[in-house]
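Participant: Take these sequences, add in the hints, and give me the full structure.
From first to last, the protein sequence lines are chains A and B.
Under this note's numbering, the first residue of the first sequence carries the number 1, and numbering increases by one thereafter.
Under this note's numbering, the first residue of the second sequence carries the number 1, and numbering increases by one thereafter.
Please note: incorrect hints may appear among the correct ones.
Stated by the list, open to error - Okay, derived cross-link-like pairs now, PhoX-like style, lysine-lysine, Cα gap no bigger than 25 Å in a straight line:
#, chain 1, residue 1, chain 2, residue 2
1, B, LYS440, B, LYS429
2, B, LYS450, A, LYS71
3, B, LYS409, B, LYS471
4, B, LYS42, A, LYS71
5, A, LYS104, B, LYS452
6, B, LYS329, B, LYS26
7, A, LYS119, B, LYS366
8, B, LYS455, A, LYS71
9, B, LYS440, A, LYS104
10, B, LYS450, A, LYS104
11, B, LYS450, A, LYS92
12, B, LYS290, B, LYS42
13, B, LYS290, B, LYS48
14, B, LYS162, B, LYS133
15, B, LYS464, B, LYS440
16, B, LYS302, B, LYS366
17, B, LYS407, A, LYS92
18, A, LYS105, B, LYS455
No wet-lab data here; the hints were simulated from the structure.
Just so it is clear, the structure is predicted and the values come from calculations on it, not from any experiment.
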Amino acid sequence: MSVLVALLAIGALALIFGLILGYAAVRFKVKSDPLVDQIDAILPQTQCGQCGYPGCRPYAQAIAEGDEINKCPPGGETTIRHLADLMGVEAKPLDSAHGEEDIKKVAYIREDECIGCTKCIQACPVDAIVGASKQMHTVIVDECTGCDLCVDPCPVDCIDMVPLRPTVSSWRWQLESIAVKNVE
Amino acid sequence: MQSLIEKIRQGSFSDFPGGVYPQQFKELSNQTPISRIPLPEKLYIPVKQHIGVEGQIKVAVGDRVNKGQPLTQSMNPFAVPVHASTSGEITAIREHVSAHPSGLPETTIELTPDGEEHWVELTPMLDYRQHPKSEVLEAICRAGISGLGGAGFPTHIKVTPKKDIEFLIINGVECEPYISADDRLMREHSWQIRQGIDILCHLLNPKYVLIAIEDNKPEAIHAMQVACQENSDYIICSVPTKYPAGGEKQLIQVLTNREVPHNGLPVDVGVVMQNVATCYAVADAIFTGKPLIHRVVTLTGKALRNPGNVWALLGTPIAHLLAQADVDKQQQQKLIMGGPMMGFELVSDQIPVVKITNCLLAPGVKEMPDMGPEQPCIRCSACADACPAELLPQQLFWHAQAKELEKAKDYNLFDCIECGACAYVCPSKIPLVHYYRVAKAEIRTQEEEKQKADKARERFEARKLRLEQEKAEREARHKRASEARKAAMQEDDGGSQARIAATLARAKAKQEDNGAPSDNSDKVAAAIARAKARKAQASSSGNEVQPDANAGQDDKAAKVAAAVARAKAKKQSTQKTTTPEQPDAPEQDDKAAKVAAAVARAKAKKQSAQKTTTPEQPDAPEQDDKAAKVAAAVARAKAKKQSAQKTTTPEQPESPEQDDKAARVAAAVARAKAKKASRAQQQAHEESEQEVQPIAADSEKKRKVAEAIARAKAKKAMKDKNSS
Ligand code: SF4
Ligand code: SF4
Ligand code: SF4
Ligand code: SF4
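Facilitator: Listed below in structure tokens is the structure:
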């Protein structure tokens, strides 16, 4: 008899807690960031298409569906490492079929050669070029992601990709430059 | 509280964790008074010498400036001006190697002294207590004062805290080996430092002022005690010598036993700290009105035969100072700005003295031998014991080396004050601080890139949205327009179309008028030519001929003209069904061409309508006239082009396809015109004058024929008249 009571009591408790937990799972459901968004947040948003997809987000989608994580040259090693962390896979070197990691560059329009055809504006994915028809165009350096996409459409080849000049604030310490310790 | 003050007064202090005891070497430079040195030949004054933003340059090359005259100006609260350190001429404003470990060039004003030391008009504020605080603050800002201790934070911001201040700590610790600039300053100018402290007290209203000096500077302590004896709230604290006791957080801990929170500021624990040299400069600014144009710099190291402290004008090149200290070039192997622990090696001796330059160290060959290669970490944890910030340097090093920056950050990399204590004790000679600096810079760069990427994503998405919207709008507009057209067609078949056609023709004409500005035309031509070359290559059909330079004349106007001509040709074929040669449709069947075709269609319809109703009266109404003029202009352009090609490039064996086509089109246009002209001439002689302008080579004959006919007709008519 007492065994039966015990079983019933335990069973009832289990049922109650089960219901509470079930309710809590529905009620307090945490809406997690969808994976694609998380991946997209890591990609450098250059929209250059070097990965073989028409932009960063499509590549994020592809990674979420199981594509390799080492196809983004502008992101380079850092991006691959972050992606590896997120996806729980081994980081691997950049797939050189898609290009090499390069120093950071921005587009520069040789303004006196520009004929104002606006083709580059149409090509720029981030609206980093200003200008109007038959007027000289120029690149907003701060907005340019260095994706290269404006270089090809220019009929007069007046767009160059120039390396960003390091400034005192963007300079990274070179290891060799000083010796600190050695006061004996 | 009382007990804390009691403790401080009694000289019993707390301690900070870690710390090291490097040999001091202060006696090298602190034995002689601060000396004055002759003017250098040139001064290089960087426009930015502090943390914050630089101002706009107010002077131009060739300007004469007086000593103390501000050279930059800004409304930004984080900007402090720089001043002319002496009177003279601005000889250049350009990039000059900077007082930064990288030596990267920064905008610098080059001043050639005239030796007259002519001051600007100074406005001292002796009665500063009678002035509102904001005026005093402004005077401090105007004098260009930023922290002289090392960080270079603008002083006027530091002395306007949001919270109540309990302690104003005056930092005269100067814990780094070799440096004795503050030591000498306190010994020689304790009164003026006291005056500076008075001003800061007026601004901050602290409960107590603690003047902290390491106990290895008894003379300085004595001098400050004498200077401050009248004021019981000023407490001189002789703190135990230990490196880095002069660190802001460490000193606060030593004096008040309070810890500045992670990511916090000293003001969070009721403390503001100022360097003694800053106090001196503040007193200078308020009591004499002189801006910050010089500072004490310690010249030391065994490579100097004559070490000591000097008053160096800001902008003095290092080479000049070294010459004053009688440098032994054979001994000197490197140059360090700052002390041996936290300083950095200089890349050039043309680097100028800036506001934060407190020491120049030129060690002798034996003094600082190269450390030799770095060994692997043996996990002795000596570094952790020495770290004043209670970090785990070996872990930081490990992660920084493996570029696991996230983990380094988790180990509070950003709490590291880069004091170098860990590297000092490391038996494996690992330059730990460098790894931290690299890692910190890397993290900052990554964060910046992340922000940029986020911005790029935003812009990209905004653009996508905009393009979609535009497309939708365009479609809607087209739909509406086509409906309107349909309705209009039903309503008024002939007239409205004619009007539309006329409008379009007018628009075309206008476009042609300003289509190819003459000054621009070569550029445009060259550009398009290159584009065509590229396209040809891309298509690589083989049979296509590379367009020559003249093909450039096929610009937009030409394309439009071609389209118009094509349309004209069509009209002809519909009218007479006798078109000898149908011009090929140009490859680029672009919008303009379509529009033109539509125009032509409309015209054809109109004309046929006119013909059916008034076959005897081909006399063109106004619209037709205009359209005809446009066509005539086109034909003229073509003819000109053709003749130009003929004259300029007769050796060209094969005219490119486009030209060929254009020529044919032009011919067709001209023919059509000629025909129309002849018809018109049959009717009215005066109109023929206007119409017979097309002079395309092909149509010349026909035109002549037409003219002849017209002349004959006219003659006949005259004869008729005469005879009647
Ligand atoms: S300006 Fe050129 S390189 Fe820069 S983002 Fe736009 S398309 Fe890319
Ligand atoms: S594509 Fe080249 S020519 Fe055209 S507007 Fe851009 S920069 Fe100027
Ligand atoms: S440099 Fe950084 S890690 Fe090393 S002892 Fe100083 S605070 Fe600690
Ligand atoms: S002191 Fe040097 S060897 Fe010892 S644990 Fe630290 S980094 Fe490693």
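Participant: Next, verify each hint and record whether it holds.
Facilitator: Hint check:
With a C-alpha separation of about 21 Å, the suggested pair B/LYS440 and B/LYS429 falls inside the 25 Å cut-off, and the hint holds. With a CA separation close to 18 Å, the supplied pair B/LYS450 and A/LYS71 stays within the 25 Å bound. Restraint check for B/LYS409 and B/LYS471: not satisfied, since their Cα atoms lie roughly 47 Å apart, outside the 25 Å limit. With a CA separation close to 53 Å, the supplied pair B/LYS42 and A/LYS71 exceeds the 25 Å bound.
Taking the CA atoms of A/LYS104 and B/LYS452, the gap is about 13 Å. The hint holds against a cut of 25 Å. Only pairs whose Cα atoms come within 25 Å are accepted, and B/LYS329 paired with B/LYS26 is accepted, the gap being roughly 22 Å. The hinted pair formed by A/LYS119 and B/LYS366 fails the criterion: a straight-line CA distance of about 64 Å is larger than 25 Å. Note on B/LYS455 and A/LYS71: the hinted pairing holds, with a Cα-Cα distance of about 22 Å set against a maximum of 25 Å.
Proximity of B/LYS440 to A/LYS104 is assessed by CA-CA distance (about 19 Å); at most 25 Å being required, the pair is judged to hold. Distance check on the hinted pair: B/LYS450 and A/LYS104 sit about 14 Å apart at the alpha-carbon level, within 25 Å; holds. Taken as a hint, the B/LYS450 and A/LYS92 pair is honoured in the structure, with Cα atoms around 21 Å apart against an allowance of 25 Å. Distance hint between B/LYS290 and B/LYS42 is fulfilled; the C-alpha atoms sit about 21 Å from each other, no more than 25 Å.
Between B/LYS290 and B/LYS48 the CA atoms are separated by roughly 19 Å; this keeps the pair inside 25 Å, and the hint holds. At roughly 14 Å between alpha-carbon atoms, B/LYS162 and B/LYS133 fall within 25 Å of each other, so this suggested pair holds. In summary, the hint linking B/LYS464 to B/LYS440 is not supported, as the alpha carbons are separated by about 36 Å, beyond the 25 Å threshold. The suggested pairing of B/LYS302 with B/LYS366 holds, with an alpha-carbon distance near 9 Å, which does not exceed 25 Å.
The suggested pairing of B/LYS407 with A/LYS92 holds, with an alpha-carbon distance near 20 Å, which does not exceed 25 Å. With a CA separation close to 17 Å, the supplied pair A/LYS105 and B/LYS455 stays within the 25 Å bound.
Of the numbered hints listed earlier, those contradicted by the structure are 3, 4, 7 and 15.
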